[in-house]
Amino acid sequence: MIEGRIPKDLGNDATEIPGARRILTSLEEAGAPWAVVTSGSNALITGWLGVLQLAHPKYLVVAEDVQVGKPDPSCYLLGRSRLGLEHSDSMLVIEDAPSGVRAGKAAGFKVLALATTHVVEELKEAGADWIIKDLDSASLKKFADGKVEIEVWDTLQ
Numbered sequence: 038m039i040e041g042r043i044p045k046d047l048g049n050d051a052t053e054i055p056g057a058r059r060i061l062t063s064l065e066e067a068g069a070p071w072a073v074v075t076s077g078s079n080a081l082i083t084g085w086l087g088v089l090q091l092a093h094p095k096y097l098v099v100a101e102d103v104q105v106g107k108p109d110p111s112c113y114l115l116g117r118s119r120l121g122l123e124h125s126d127s128m129l130v131i132e133d134a135p136s137g138v139r140a141g142k143a144a145g146f147k148v149l150a151l152a153t154t155h156v157v158e159e160l161k162e163a164g165a166d167w168i169i170k171d172l173d174s175a176s177l178k179k180f181a182d183g184k185v186e187i188e189v190w191d192t193l194q
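Counting in this note's numbering, the sequence shown runs from 38 upward without gaps.
By construction, these hints were calculated from the structure, which means they are not laboratory data.
It should be emphasised that the depicted structure is a prediction, and the values quoted were computed from it without experimental measurement.
Please note: incorrect hints may appear among the correct ones.
DSS-like, lysine-lysine: derived pairs with alpha carbons at most 25 Å apart [to be verified]:
hint, residue 1, residue 2
1, K178, K95
2, K179, K147
3, K95, K142
4, K95, K161
5, K179, K161
6, K147, K95
7, K184, K95
8, K147, K178
9, K161, K142
10, K184, K142
11, K184, K147
12, K142, K170
13, K142, K178
14, K170, K147
All chains, full assembly: derive it from the sequences and hints.
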């Protein structure tokens, strides 16, 4: 599949979202359950994670897993199910696209939007609860019971 070659062919020009590595490392260290829910294919997302040498999630929801893509909420509902979470308030969606924001909100989740690929107005119109430039404006706080909380600053909304 040609999609699987994209990260290898274009990987030298790829840049990770500022703060992403730190957030993923914090999630791993906290033992918090997390998933990647993407409209991309399995080959594409695993290729990018490999090229950028980012943590691979235990749970992954990709285009092949759902019949209808974002903004349909089924991808996030499947992610919640794979994580073993019962309630939507147990999960935070981090998104960079209006269709993903809409999907997260339709699934009943709080959504933190990153203004990395779309303008603030589009993310706000889509219903994001918070908008930040990138993950350099966020950090995780771990609690003794194993839960984590995200703290954000320099919000754009």
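Structure-based check of all given hints:
Distance check on the hinted pair: K178 and K95 sit about 21 Å apart at the alpha-carbon level, within 25 Å; holds. Restraint check for K179 and K147: satisfied, since their Cα atoms lie roughly 19 Å apart, inside the 25 Å limit. About 23 Å separates the Cα atoms of K95 and K142, which keeps this hinted pair within 25 Å; it holds. Between K95 and K161 the alpha-carbon distance is near 30 Å, which puts this suggested pair outside the 25 Å criterion.
In summary, the hint linking K179 to K161 is not supported, as the alpha carbons are separated by about 28 Å, beyond the 25 Å threshold. Distance restraint check for K147 and K95: the Cα-Cα separation of roughly 22 Å lies within the 25 Å cut-off, and the hinted pair is therefore satisfied. For the given pair, K184 sits about 17 Å from K95 by alpha-carbon distance, which is consistent with the 25 Å threshold. Between K147 and K178, the direct Cα distance comes to roughly 17 Å. Compliance with the 25 Å bound is thereby established for this hinted pair.
This hinted pair checks out: K161 and K142 have alpha carbons roughly 12 Å apart, not beyond 25 Å. For the hint pairing K184 with K142, the CA-to-CA distance comes to about 22 Å; that is within 25 Å, so the pair holds. A C-alpha spacing of about 16 Å is found between K184 and K147, which places the hinted pair at or below 25 Å, so the restraint holds. For the proposed pair K142 and K170, the alpha carbon gap of about 20 Å is at most 25 Å, so the pair holds.
In summary, the hint linking K142 to K178 is supported, as the alpha carbons are separated by about 24 Å, within the 25 Å threshold. With a C-alpha separation of about 17 Å, the suggested pair K170 and K147 falls inside the 25 Å cut-off, and the hint holds.
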